[in-house]
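**Student:** Take a look at the letters that make up each chain.
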Amino acid sequence: MIEFKNVVKTYDNGTTAVDDLSFVAPTGKITVLVGPSGCGKTTTLRMINRLHKQSSGSILLGGEDTAKLDTIAMRRTIGYVIQNAGLFPHQTILDNVCAVPYLNKNDKRASQERALDLLEIVGLDRGYASRYPWQLSGGQQQRVGVARALAADPPYMLMDEPFSAVDPIVRKQLQSEFLRIQADLAKTIVMVTHDIDEALKLGDQIVVLKEGGILAQVGTPAQLLANPADRFVADFLGQSRGYHALNFRPLRDLEVEQTPQACVGEQLSNEWVVACTTDHRPLGWARAETGIQELREDRIRVASPLELGASNYRELLDAALASPCGQAIVVDARGTYVGTLSVDVVAQHVRDANGNEYHS
Amino acid sequence: MGIVDWLSDPANWSGAGSIPYQIMIHLVYSLVALAIAAAIAIPLGTYVGHTGKGENFIMGSANAMRALPTLGLLILLVLVIAPTISSNLAFVIPSLIVLVLLAVPPILSGLASGIRAIDRSVIDAARGMGFSTAQIVTRVELPCALPLALSGIRGATLQVVSTATVAAYVSLDGLGRFIIDGRAGNDYAQMAGGSLVLALLAILLETVFAFVGVVAISPGLSRRLRETPPVLGALPRAKKLG
Amino acid sequence: MNLEWVGNNIELIGELTLAHLWLTLLPTALGLALSIPLGYLAFTHRRSYPAIVGGSSLFYTIPSLALFILLPKLLGTKVLDPMNVVVALVFYTVALLVRIVADSLASVSPDAVFAAEGMGFTRLQTFFKVQLPIAIPAILSGLRVVVVSNISIVTMAAVIGITQLGTLFTMGFTRRMFVPIIVGLVVCLLLALFLDRILVLLGKIMTPWSQKGAL
Numbered sequence: 001m002i003e004f005k006n007v008v009k010t011y012d013n014g015t016t017a018v019d020d021l022s023f024v025a026p027t028g029k030i031t032v033l034v035g036p037s038g039c040g041k042t043t044t045l046r047m048i049n050r051l052h053k054q055s056s057g058s059i060l061l062g063g064e065d066t067a068k069l070d071t072i073a074m075r076r077t078i079g080y081v082i083q084n085a086g087l088f089p090h091q092t093i094l095d096n097v098c099a100v101p102y103l104n105k106n107d108k109r110a111s112q113e114r115a116l117d118l119l120e121i122v123g124l125d126r127g128y129a130s131r132y133p134w135q136l137s138g139g140q141q142q143r144v145g146v147a148r149a150l151a152a153d154p155p156y157m158l159m160d161e162p163f164s165a166v167d168p169i170v171r172k173q174l175q176s177e178f179l180r181i182q183a184d185l186a187k188t189i190v191m192v193t194h195d196i197d198e199a200l201k202l203g204d205q206i207v208v209l210k211e212g213g214i215l216a217q218v219g220t221p222a223q224l225l226a227n228p229a230d231r232f233v234a235d236f237l238g239q240s241r242g243y244h245a246l247n248f249r250p251l252r253d254l255e256v257e258q259t260p261q262a263c264v265g266e267q268l269s270n271e272w273v274v275a276c277t278t279d280h281r282p283l284g285w286a287r288a289e290t291g292i293q294e295l296r297e298d299r300i301r302v303a304s305p306l307e308l309g310a311s312n313y314r315e316l317l318d319a320a321l322a323s324p325c326g327q328a329i330v331v332d333a334r335g336t337y338v339g340t341l342s343v344d345v346v347a348q349h350v351r352d353a354n355g356n357e358y359h360s
Numbered sequence: 361m362g363i364v365d366w367l368s369d370p371a372n373w374s375g376a377g378s379i380p381y382q383i384m385i386h387l388v389y390s391l392v393a394l395a396i397a398a399a400i401a402i403p404l405g406t407y408v409g410h411t412g413k414g415e416n417f418i419m420g421s422a423n424a425m426r427a428l429p430t431l432g433l434l435i436l437l438v439l440v441i442a443p444t445i446s447s448n449l450a451f452v453i454p455s456l457i458v459l460v461l462l463a464v465p466p467i468l469s470g471l472a473s474g475i476r477a478i479d480r481s482v483i484d485a486a487r488g489m490g491f492s493t494a495q496i497v498t499r500v501e502l503p504c505a506l507p508l509a510l511s512g513i514r515g516a517t518l519q520v521v522s523t524a525t526v527a528a529y530v531s532l533d534g535l536g537r538f539i540i541d542g543r544a545g546n547d548y549a550q551m552a553g554g555s556l557v558l559a560l561l562a563i564l565l566e567t568v569f570a571f572v573g574v575v576a577i578s579p580g581l582s583r584r585l586r587e588t589p590p591v592l593g594a595l596p597r598a599k600k601l602g
Numbered sequence: 603m604n605l606e607w608v609g610n611n612i613e614l615i616g617e618l619t620l621a622h623l624w625l626t627l628l629p630t631a632l633g634l635a636l637s638i639p640l641g642y643l644a645f646t647h648r649r650s651y652p653a654i655v656g657g658s659s660l661f662y663t664i665p666s667l668a669l670f671i672l673l674p675k676l677l678g679t680k681v682l683d684p685m686n687v688v689v690a691l692v693f694y695t696v697a698l699l700v701r702i703v704a705d706s707l708a709s710v711s712p713d714a715v716f717a718a719e720g721m722g723f724t725r726l727q728t729f730f731k732v733q734l735p736i737a738i739p740a741i742l743s744g745l746r747v748v749v750v751s752n753i754s755i756v757t758m759a760a761v762i763g764i765t766q767l768g769t770l771f772t773m774g775f776t777r778r779m780f781v782p783i784i785v786g787l788v789v790c791l792l793l794a795l796f797l798d799r800i801l802v803l804l805g806k807i808m809t810p811w812s813q814k815g816a817l
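Protein chains in written order, with my numbering: chain P, 1 to 360; chain X, 361 to 602; chain F, 603 to 817.
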């Protein structure tokens with residue numbers, strides 16, 4: 001657990017970067033600091049490992065005041081990942097990953113073994129170990145940056161805009177893999193981003209800061225989306241706020257429509273039916289263009305089915321919008337056809353639900 | 361007598377005043393001057409590079425030093441110092457001062473700018489991971505600054521070896537002896553022979569530095585220097601069009 | 603100190619300064635004129651880069667005094683011919699500038715080059731209207747280093763008896779006089795400062811688009 005207690009940071013020129021900030025980053029969770037530029041989010045992050053020192057207030061790391069700990073020793077218990085990875089250009093990838101274990105004078109052999117494992121965990125081939133940073137792409141360097149932060153198996157991690165220097169496709173990949181790794185390792189993470197989508201995707205908890213380092217709101221993504229504390233938070237969450245909110249609403253207790261299914265070779269009318277394999281796995285939608293036609297593979301409008309219980313309303317809306325008849329195909333956990341849900345279900349849900357408070 | 365005759369005359373290859381003797385004296389002066397310069401410039405350059413303090417002043421004075429004629433400075437110092445000291449030191453000390461003055465700026469600015477040129481995120485990452493200041497300097501800053509620092513030392517060495525020749529003008533030994541004596545005796549072969557040895561010595565030292573660079577600089581750095589990626593990436597296309 | 607000497611020898615000082623200026627500027631200009639096509643060649647034909655840049659920088663390792671003395675053998679000139687100094691300094695100038703020209707041409711944004719090509723500039727037009735102007739600040743800052751160090755190198759030629767401001771140093775040494783030496787040092791420094799300022803000014807005139815002044 002990382003705890004901020006009335007932390008203030010003022011610079012010598014009198015500007016306040018962080019103003020009376022208090023929040024808790026819970027153990028094993030990802031806390032994302034988000035806000036416009038100049039909101040002091042990076043300063044806040046860097047106060048945790050004392051790269052910046054707060055002017056007043058205290059920061060507790062696992063209950064201990066960081067000001068009273070040995071700074072160097074404390075930093076080695078906190079993994080640190082930054083925007084451009086900041087790899088040491090004169091060292092191989094392996095030595096980069098082993099940086100902190102070497103500092104701690106850990107067994108060299110064992111450190112290297114672990115580093116190789118870590119490279120695989122972050123999705124890099126072991127063959128990269130002997131290369132130098134300049135030989136890697138930005139995304140690969142960032143993976144090494146994450147591996148390096150994990151090398152000493154620190155309980156905490158600080159990540160400063162870790163994925164913002166790579167292109168959008170790589171960023172999505174890195175985010176998903178990062179969530180997969182975190183699901184296993186359950187580190188206590190504080191991350192900074194200016195990208196609200198990234199915050200909503202990665203954060204277990206989001207801390208929204210306003211300019212001048214003033215706390216605007218702390219909450220889970222669903223809480224923020226459902227109940228923004230003020231106009232600033234609402235604006236910051238952006239125009240797709242309502243759409244994002246559907247992400248956090250699982251599909252539960254819904255009656256599906258029994259839209260007929262058909263297999264390849266069967267006759268079609270001008271009604272849309274769900275094209276299925278013979279063992280009832282949905283392939284997509286089909287209907288006859290004129291009169292009565294036979295269902296052939298090239299007449300199927302391919303669609304991805306939703307799994308009941310594992311999907312949310314955003315996915316339902318998306319699937320319904322993408323289908324030729326405003327219906328999403330639903331399957332059970334084994335992938336067997338269950339029925340369809342209309343786009344109207346989303347509208348009905350929104351009418352019912354937005355009246356109530358939402359906490360998930 | 362031609363240059364070849366002078367160079368192949370056995371009398372010039374043994375004893376005091378011979379070619380090997382003057383090479384040795386030349387190298388001793390140069391090495392002493394470089395050692396003193398390094399002892400001054402390396403700590404100072406590390407400090408300036410690490411803290412960024414006085415960077416402009418250092419770079420500015422390194423540039424200004426280039427304009428200062430070493431011959432004039434040497435002669436001035438000899439005239440000032442010689443009357444106060446009676447031994448040969450009257451000439452050695454001014455020569456060493458001039459050589460050290462020449463050697464400090466390139467080493468200093470090479471090292472300082474080498475450290476300044478390191479991507480700030482690299483040093484930030486090191487600090488955040490728990491490197492102490494001493495560890496940042498020795499494990500990150502100095503190795504990363506090595507290419508530029510080494511080229512500063514190389515520049516200083518060439519300057520010093522080149523200028524040590526002038527010491528002969530104020531009556532000291534060294535390879536400049538052949539040039540000054542040859543000039544005085546209207547002996548072109550001796551002047552040219554001495555010059556040739558001096559030029560070869562300089563080229564040899566340059567080769568040694570090239571070799572040291574290959575051995576000492578991490579491939580992680582030198583590859584980047586040898587083929588700077590943005591430049592290289594732009595070239596093939598530019599060539600086709602331009 | 604005896605300032606009378608200066609008054610009595612003002613004509614000599616003037617002559618030496620002019621000779622010095624000539625020995626500095628002529629090779630600098632020739633060197634620049636050679637460096638631009640050579641640098642362009644090294645830039646466009648990447649394979650020639652190591653040969654051109656490496657080869658010319660090898661001259662830089664040869665001590666100036668040695669070069670002043672060895673050149674007569676190669677050029678067939680007399681040892682006292684100032685031409686030796688001019689040629690030696692052309693070598694030094696090219697050694698420093700070729701790399702700078704090649705590298706600064708390479709750092710011109712390819713977008714600007716593509717845009718020019720796309721608009722129908724010929725190769726020569728692209729070079730003179732786009733690449734060279736954009737590279738000017740870098741080349742000029744290299745030229746400043748060259749001019750200043752050339753002024754200092756020229757004085758060395760006094761050791762073998764070629765007349766210029768360095769002659770004041772040898773004169774002061776043989777006559778055990780401070781004044782000529784100090785006059786020589788001061789005039790050299792002033793000359794360096796003066797030429798350096800002129801180049802800065804020239805750069806501002808030639809690159810009106812760089813407001814902050816890359817120099």
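Calculated from the structure, these hints are not laboratory results.
Idealized CB from N, CA, C, for every residue including glycine.
A hint or two may mislead.
DEER-style ranges, computed between Cβ atoms [to be verified]: (1) P:ALA67 to X:LEU387: 32 to 42 Å; (2) F:SER650 to X:MET384: 33 to 43 Å; (3) F:LEU804 to P:ASN106: 51 to 61 Å.
If we take Cβ atoms under 7 Å as the criterion, some of the chain X residues that face chain F in the derived model are [to be verified]: (4) ALA427; (5) ILE478; (6) ASP479; (7) ALA570.
**Student:** Is the shortest C-beta separation between ILE478 (chain X) and chain F less than 7 Å?
**Tutor:** Violated, about 20 Å.
**Student:** Okay, ALA67 (chain P) versus LEU387 (chain X) on CB: inside 32 to 42 Å?
**Tutor:** The hint (32 to 42 Å, Cβ to Cβ) is violated, given that ALA67 (chain P) and LEU387 (chain X) are roughly 56 Å apart.
**Student:** Does 51 to 61 Å hold as the CB distance between LEU804 (chain F) and ASN106 (chain P), or does it fail?
**Tutor:** At roughly 60 Å between Cβ atoms, ASN106 (chain P) and LEU804 (chain F) fall inside 51 to 61 Å, so the hint holds.
**Student:** Given ALA570 (chain X) as an interface hint, is its Cβ closer than 7 Å to any Cβ of chain F?
**Tutor:** With a closest approach of 10 Å, the ALA570 (chain X) hint is violated.
**Student:** Quick check on ALA427 (chain X) please, does its C-beta sit within 7 Å of some C-beta on chain F?
**Tutor:** holds, 4 Å
**Student:** Given ASP479 (chain X) was flagged as interface, is its beta-carbon under 7 Å from a beta-carbon of chain F?
**Tutor:** Violated. Min distance 18 Å.
**Student:** Given the hint of 33 to 43 Å, is the C-beta distance from SER650 (chain F) to MET384 (chain X) inside that range or not?
**Tutor:** Given a distance of about 39 Å, which is inside 33 to 43 Å, the answer is holds.
Going down the numbered hints, you'll see the structure goes against 1, 5, 6, 7, while the others check out.
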